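Trainee: Respectively, the protein sequence lines represent chains A and B. Quick note on the numbering used here: the first sequence kicks off at 25 and runs consecutively. Quick note on the numbering used here: the second sequence kicks off at 25 and runs consecutively.
Hint data in this document are derived by calculation from the structure and do not stem from the laboratory. These figures come from a predicted structure and were not determined experimentally. Hints may be right or wrong, so weigh each one.
Which copy is meant is left open, because identical chains are indistinguishable; a pair holds if it fits in one copy or across any two.
In silico BS3-like cross-links for lysine-lysine, where the CA-CA straight-line distance does not exceed 25 Å [claimed, not checked]: (1) LYS162 / LYS36; (2) LYS35 / LYS144; (3) LYS36 / LYS144; (4) LYS58 / LYS144; (5) LYS35 / LYS77; (6) LYS162 / LYS70; (7) LYS59 / LYS144.
Residues per chain are reported as follows:
There are 2 protein chains.
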Amino acid sequence: MFEKFLEQFNKKVPLTAAESTQLQEHLTVKKVRKKQYLLQEGEVCKNLAFVEKGLLRAYSIDDTGREHIIQFALEGWVISDLYSFLTGEPATYNIEAIEDTEVVLISQSAHATLLLQIPKYETFTRLNITGAYLAMQKRLTSTISATLEDRYEAFIALYPHIAERVPQHMIAAYLGLTPETLSRVRKRISLHK
Amino acid sequence: MFEKFLEQFNKKVPLTAAESTQLQEHLTVKKVRKKQYLLQEGEVCKNLAFVEKGLLRAYSIDDTGREHIIQFALEGWVISDLYSFLTGEPATYNIEAIEDTEVVLISQSAHATLLLQIPKYETFTRLNITGAYLAMQKRLTSTISATLEDRYEAFIALYPHIAERVPQHMIAAYLGLTPETLSRVRKRISLHK
DNA sequence: CGATTTTTTGAATCATATCAACGTACGTGG
DNA sequence: CCACGTACGTTGATATGATTCAAAAAATCG
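Take these sequences, add in the hints, and give me the full structure.
Mentor: Right, dumping it as structure tokens:
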């Protein structure tokens, strides 16, 4: 059921058997088929989703109709519209399965309860959000200061397992450029070596 | 000494008098004059800095010599090179005072001790990093999907008190564009209303 | 296999960067 | 307190690079 989740948790913050049992009482699992939504813009994000298996993306659509991918999530990662989850405001992101996927869900109330009842859950949460923050800071720095070539190559180097599993136009949507431009960037790179 | 820091802390997580005393034993204060560095690229970031008074910026310099501002920090905000602080790796950012500034410092060892000894400190940390994450996510989304006009106006709307206190070219460095372009963006905006 | 999606390519257009010059404001020492 | 020097902001001309639109080629899926 929650193998990967518990494995990740224990890797970050080792749990006793009792804590592990208590924790599991607040978890549920869900399967999401390829191209199905886990969350749609406008709904409230009711859960944090930990990916046991599969691959998802969180994206928004701007007024010109273009998609912008804010996050991919592979096995072992957490995905949500965190702002919506924490505030109860309508979500601004869509979360869609790119492959058939299995997630562990932590509801808003489960999250609140776990934070109060299991100190290690708060530590786990803190470590997760810290990691996410650092990764996003790196991405932001790269977005405002690096060349397209460097940004693409950095993405491939950092997330080779995502790159092999998503279509190229989604990488473009993640990097913030058009599919045509990404195609040309790749060509320039291949010519240069 | 630590008025703003304690005020912010209590606002997020109310402390008992005993906790407050214990916390303060791990804090120190420091004054940084305008244009002085709190941290320079290459050093290890030894402290989290909470701003009691003044204004700082964290920025990096790319290979073409351009500055990119990753963060401003006003009174009540925390600034650091978090990656360096947490890992002990050399910092990739410079932190410089834009005005004469007073900060409360939390050293690496103080941070580690406080996390273990005062559960509310972990909560405070978690809330801070969560807020920083959400703010950065908004910024990233805006960077990859909005027009320059919208990005500039969103910045002004969100941080009016920063905009009043920093030169325009630093806002350009924060938004990731040249000072000339920002000047033209402002002109386009003023013509349009 | 046929249908659809994805990627590539080309040409024209649009937006931002660059380089250079000028005007203005600021604060610092005389 | 004034004058000079340095920072800062604006403007113009040009160059660069990404987007757009259209179409074709390639890959994938049922």
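Trainee: Could you check the structure against the hints above and give me the numbers of any it violates, in ascending order?
Mentor: Of the numbered hints given earlier, those the structure breaks are 4, 7, listed in rising order.
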